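For reference, the chains in residue letters:
Number of protein chains: 4
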Amino acid sequence: MDIGFIGLGSMGRSIAENILKAGHGVRVWNRSRERAQPLEALGAKLVDTPADAFSGDAAFSMLADDAAVREVFATGLLDHAPRDFVHVNMATVSVAFAEAFAREHEARGIHYVAAPVMGRPDVAAAGKLTIIAAGASAAIDRVQPVLDAIGQKTWRIGATPQHANVVKLAANFALASAVETLGEASALLAGHGVAMTDFLDVITNSVFPGPVYSGYGKLIAEDRYEPAQFKARLGLKDVRLALAAAEACSTPLPIGSVVRDSLLDAIAHGDGEKDFAVLGKVAARRAGR
Amino acid sequence: MDIGFIGLGSMGRSIAENILKAGHGVRVWNRSRERAQPLEALGAKLVDTPADAFSGDAAFSMLADDAAVREVFATGLLDHAPRDFVHVNMATVSVAFAEAFAREHEARGIHYVAAPVMGRPDVAAAGKLTIIAAGASAAIDRVQPVLDAIGQKTWRIGATPQHANVVKLAANFALASAVETLGEASALLAGHGVAMTDFLDVITNSVFPGPVYSGYGKLIAEDRYEPAQFKARLGLKDVRLALAAAEACSTPLPIGSVVRDSLLDAIAHGDGEKDFAVLGKVAARRAGR
Amino acid sequence: MDIGFIGLGSMGRSIAENILKAGHGVRVWNRSRERAQPLEALGAKLVDTPADAFSGDAAFSMLADDAAVREVFATGLLDHAPRDFVHVNMATVSVAFAEAFAREHEARGIHYVAAPVMGRPDVAAAGKLTIIAAGASAAIDRVQPVLDAIGQKTWRIGATPQHANVVKLAANFALASAVETLGEASALLAGHGVAMTDFLDVITNSVFPGPVYSGYGKLIAEDRYEPAQFKARLGLKDVRLALAAAEACSTPLPIGSVVRDSLLDAIAHGDGEKDFAVLGKVAARRAGR
Amino acid sequence: MDIGFIGLGSMGRSIAENILKAGHGVRVWNRSRERAQPLEALGAKLVDTPADAFSGDAAFSMLADDAAVREVFATGLLDHAPRDFVHVNMATVSVAFAEAFAREHEARGIHYVAAPVMGRPDVAAAGKLTIIAAGASAAIDRVQPVLDAIGQKTWRIGATPQHANVVKLAANFALASAVETLGEASALLAGHGVAMTDFLDVITNSVFPGPVYSGYGKLIAEDRYEPAQFKARLGLKDVRLALAAAEACSTPLPIGSVVRDSLLDAIAHGDGEKDFAVLGKVAARRAGR
Chain F
40 MDIGFIGLGS
50 MGRSIAENIL
60 KAGHGVRVWN
70 RSRERAQPLE
80 ALGAKLVDTP
90 ADAFSGDAAF
100 SMLADDAAVR
110 EVFATGLLDH
120 APRDFVHVNM
130 ATVSVAFAEA
140 FAREHEARGI
150 HYVAAPVMGR
160 PDVAAAGKLT
170 IIAAGASAAI
180 DRVQPVLDAI
190 GQKTWRIGAT
200 PQHANVVKLA
210 ANFALASAVE
220 TLGEASALLA
230 GHGVAMTDFL
240 DVITNSVFPG
250 PVYSGYGKLI
260 AEDRYEPAQF
270 KARLGLKDVR
280 LALAAAEACS
290 TPLPIGSVVR
300 DSLLDAIAHG
310 DGEKDFAVLG
320 KVAARRAGR
Chain X
40 MDIGFIGLGS
50 MGRSIAENIL
60 KAGHGVRVWN
70 RSRERAQPLE
80 ALGAKLVDTP
90 ADAFSGDAAF
100 SMLADDAAVR
110 EVFATGLLDH
120 APRDFVHVNM
130 ATVSVAFAEA
140 FAREHEARGI
150 HYVAAPVMGR
160 PDVAAAGKLT
170 IIAAGASAAI
180 DRVQPVLDAI
190 GQKTWRIGAT
200 PQHANVVKLA
210 ANFALASAVE
220 TLGEASALLA
230 GHGVAMTDFL
240 DVITNSVFPG
250 PVYSGYGKLI
260 AEDRYEPAQF
270 KARLGLKDVR
280 LALAAAEACS
290 TPLPIGSVVR
300 DSLLDAIAHG
310 DGEKDFAVLG
320 KVAARRAGR
Chain U
40 MDIGFIGLGS
50 MGRSIAENIL
60 KAGHGVRVWN
70 RSRERAQPLE
80 ALGAKLVDTP
90 ADAFSGDAAF
100 SMLADDAAVR
110 EVFATGLLDH
120 APRDFVHVNM
130 ATVSVAFAEA
140 FAREHEARGI
150 HYVAAPVMGR
160 PDVAAAGKLT
170 IIAAGASAAI
180 DRVQPVLDAI
190 GQKTWRIGAT
200 PQHANVVKLA
210 ANFALASAVE
220 TLGEASALLA
230 GHGVAMTDFL
240 DVITNSVFPG
250 PVYSGYGKLI
260 AEDRYEPAQF
270 KARLGLKDVR
280 LALAAAEACS
290 TPLPIGSVVR
300 DSLLDAIAHG
310 DGEKDFAVLG
320 KVAARRAGR
Chain Y
40 MDIGFIGLGS
50 MGRSIAENIL
60 KAGHGVRVWN
70 RSRERAQPLE
80 ALGAKLVDTP
90 ADAFSGDAAF
100 SMLADDAAVR
110 EVFATGLLDH
120 APRDFVHVNM
130 ATVSVAFAEA
140 FAREHEARGI
150 HYVAAPVMGR
160 PDVAAAGKLT
170 IIAAGASAAI
180 DRVQPVLDAI
190 GQKTWRIGAT
200 PQHANVVKLA
210 ANFALASAVE
220 TLGEASALLA
230 GHGVAMTDFL
240 DVITNSVFPG
250 PVYSGYGKLI
260 AEDRYEPAQF
270 KARLGLKDVR
280 LALAAAEACS
290 TPLPIGSVVR
300 DSLLDAIAHG
310 DGEKDFAVLG
320 KVAARRAGR
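Protein chains in written order, with this note's numbering: chain F, 40 to 328; chain X, 40 to 328; chain U, 40 to 328; chain Y, 40 to 328.
With the rest of the complex left out, here is chain F (with noise of 0.2 Å):
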């Protein structure tokens, strides 16, 4: 396929790069020039403007938040699109801006697929990232041999387009909650002078298998936050998003206040680009250790 690709962040990169892997066309489109030369190297056509990736068959793009995706597109580029064109948005972005965005391709003839991606930036590379897609049925047809190469799996979430960013959101607002949970029960764990190593091997070998108890715990447990994998401020940005919303639809999440709560001292304190699971540490200062 004839693909545009927007935004070279480091999931950006890797997502493009399996893109190119797989035989597509990619014209590639950043901020920042040098960013994206390592890509043409692989065979990528490097453009000037995000209009020039905002065409052929498909564009995707990876952009940092609201703000940024807002800033690209403001230039116009949804109003030059060719016609029968798929835009894959794979920010994370809030929903209330998802459902406007989505509501402004509609207007414009423009199919429109919210596909958030879960996993870090080593998985980007992998090409196993877990996709949750939503759109028209028959645009995400048209793009699944594109997001094929760049996960492992993706998972359809129905036809309304901010129904994937919900469920992203929850998603992390879960995880986020699952690595506030582990520092507790690590500071609870010190408390009576239990290694959270013993905790860990009893949990991910029976209730609490997979890789966030594992993975977060063992940051944790080694009281390690650098280098950061997921960065405190940018769960933050996530939390903020799963509140802001359920608070759209009037729905009190508790779990999600203390987490901000906790993030916002992390932040305070200095470890707002450690890993997430400074909110070990967190747990730990409350504690007077």
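Treat the hints as calculated values from the structure; they're not laboratory data. Treat the hints loosely; a few may be bogus.
Remember, identical chains collapse to one label, so a pair may be satisfied in a single copy or spanning two.
Claimed, not checked - Below, computed lysine to any residue pairings styled on SDA-like, alpha-carbon distance capped at 25 Å:
id	residue 1	residue 2
1	Lys84	Arg279
2	Lys167	Asn244
3	Lys276	Ala287
4	Lys192	Ala260
5	Lys257	Arg74
6	Lys60	Asp118
7	Lys276	Cys288
8	Lys60	Leu273
9	Lys84	Ala267
10	Lys276	Thr243
11	Lys270	Leu117
12	Lys60	Lys276
On a predicted model such as this, the values are computed, not experimentally measured, just so you know.
Please build the complex by placing chains X, U and Y on the supplied structure of chain F, with the hints as guidance.
Chains X, U and Y only, in chain F's frame:
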């Protein structure tokens, strides 16, 4: 081995059965004798007093809580145990009680092993419990053949008995947090018209595998809280014990407080005997659904 | 003085009336002209555009929120103000907006005074508001005669305009906390069959005198939330602004999070237009009553 | 009247003095006899056993907590009280204990009046306590002259003794909430460079008059937590009793949970013996200040 067994609740009975099936001699005592009778057919000897069970090589007890243990042992059980006797206490008791109880054993030269278990009654029946054991290594070694008949794995947490209780409570705290989180996530999803099952498909096949997210998630998705596998009222008991253990070492557990409040809400609405997953109903109610 | 007045909500109209009664010339503008007409009888001059009101010696504006202020000022109002003009903004706006808005005034040489007020509409009508003012001393001095017609006391918080907004939000945060606390206390008392009025008699005549505890306490005791003096929905707006102001300086406000969740619960149950005291109903519902 | 008095902590001693000064005969007992001696000079009779004090017309007791009351009364005090005797228990005890204790009195035909008080030691010394009394009207009538010597006002809460304890705990819960709120507000203000004293001037002269906001607010503004008038550790005791009373009637108190966590944080940092206002320090620490 010649084993005494005290306490035949739904967990205790299955455990005693598995000990019998493994070929050990078992003298059983239970407050209500009828509950003990089915074990007689399997070869157990029914005894009339706790003291009759607190003899032989070792005794296992599985009583409801601190108060139940205290009551049974108030009769001076510890004063007449044979030399070199091992008492394995499988109950989920408070850390403070566990510590004091361990000292009482030590003062009388009785070996004390704290061995709380993880797993619901069906897991107990299958002999697949996760056992968290702490106490003198030699004492655990002696009862290990019996523990092997009960659980799929014994995790040893060191020589300080109450450490096993801390780990158990921390694990149940993590469980409680996960269930509350699923409840809140469900309310968020419902508020946007997204199916909980879609969300569960994504997370249980990626970041959150394992029985907790899929099992409790399913109950919440189906809004089905009976019959209860793990009752909300008993969940509150464990959260309360975790909060007390944390308070004893001046450790705030904000997530614990949130879950406690939600469980009180459930109980206030008459749902204390329903499954722990009823936290999903509480979260939905808070959102006016 | 020759005063312009923008924004005639229930607060604004009473304030404008008091300025008129104090003998000042007042040109008023409101989005809906009908609301302005009663003031004509009192001597006000009704003008057709915000710009007509943004002239003379000074202008006072009392608009609903950031968005309303932004919209009215988007027409370039600041670009045509006379030299040495003073703008007094009485709205409860976000701290971030207040700061940016102050800079916009400064860039154009317009004196900007932030003067949010405390007090319900009946207090505004009586000219007894508590005014929290910040901005250049000389600018406040010039409008002080007008402020004296509006409030019983002007508290000066220094030269940085948004500081007045911070104080206002902190005060409303404290108010919100007190109302939530009264709601929770009421649920506790009811659970033990104790009359809320007995409790209120004790505390309002001893440690908690003043209008908040007696006023909101009475509404909760009587379970009477209409007509609303201060709507739950607007209370949530202020709590949200306090949380945002706190987040901007990485400050957790756990109490703020609790109140936010309770207010969402109220709104989810259709009580957003009822009095803030409806938090008492939320607390009772949590307790199954 | 012929009065017995048990328990001469800092509150008890001032109360006993005021009873003596009002002309009543007072037999005093205290665990440590030295603390009682200063009262001898004022005309008190020092007695050797609690039973010696639990005689005459009535006895007042002011002990630290449930455990202290239980210990003193474990000696069978209630079994030997004279007919028609009135016992006035001024301690802040748990509601559950108060209820059981009232029943024990009733079973023996002893009149039981629960009369917890509000006010710090200096208020007690001045005879200006706020007394919250519950029990049979006739019994309170009989001791009213003594209560009048102790407090400026006795609030009668009905015939069920423990209702007085519920009111007392609810009042202290409200106090705790106000102090936490002031702490959080202070952190918010500091984050924006606004003086806490400016904020306090505004609110204590308008919506929040009275001793709580001005008194605790001043301590927080001055970051001065010693000497303690009301220790954080004792504040936690009262919050814990309020949470327990609420749990007994399945009533969530989210604000209570927040304050409990903050107090644990204070204690974990070695500030348990400092004034309750040290919650301001906790809030500042959470914000990295």
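Now the hints, each set against the structure:
For a Cα distance limit of 25 Å, the shortest separation of Lys84 from Arg279 qualifies neither inside one copy, at 36 Å, nor across copies, at 46 Å. With identical chains, the CA atoms of Lys167 and Asn244 are at most 25 Å apart both within one copy (23 Å) and between copies (13 Å). For the identical chains of this complex, Lys276 and Ala287 are neighbours both inside a copy (16 Å) and across copies (13 Å), given an alpha-carbon limit of 25 Å. Taking the shortest Cα distances, Lys192 and Ala260 sit within 25 Å of each other only across copies (22 Å), while inside one copy they are farther apart (31 Å).
Within a single copy, Lys257 and Arg74 get their C-alpha atoms no closer than 32 Å, and across copies no closer than 44 Å, so neither meets the 25 Å cut-off. When the C-alpha separation of Lys60 and Asp118 is checked against a cutoff of 25 Å, the pair qualifies neither within a copy, at 30 Å, nor between copies, at 55 Å. In this homomeric assembly, Lys276 and Cys288 come within 25 Å of each other (Cα to Cα) both inside a single copy, at 19 Å, and across copies, at 15 Å. Taking the shortest Cα distances, Lys60 and Leu273 never come within 25 Å of each other, neither inside one copy (29 Å) nor across copies (54 Å).
When the C-alpha separation of Lys84 and Ala267 is checked against a cutoff of 25 Å, the pair qualifies neither within a copy, at 31 Å, nor between copies, at 60 Å. Taking CA atoms no more than 25 Å apart as the test, Lys276 paired with Thr243 passes between copies only; the shortest distance there is 23 Å, against 28 Å inside one copy. When the C-alpha separation of Lys270 and Leu117 is checked against a cutoff of 25 Å, the pair qualifies neither within a copy, at 32 Å, nor between copies, at 41 Å. With identical chains, the CA atoms of Lys60 and Lys276 are never at most 25 Å apart, being 32 Å at best within one copy and 50 Å at best between copies.
Comparing the model with each earlier hint shows violations of hints 1, 5, 6, 8, 9, 11, 12; every other hint is respected.
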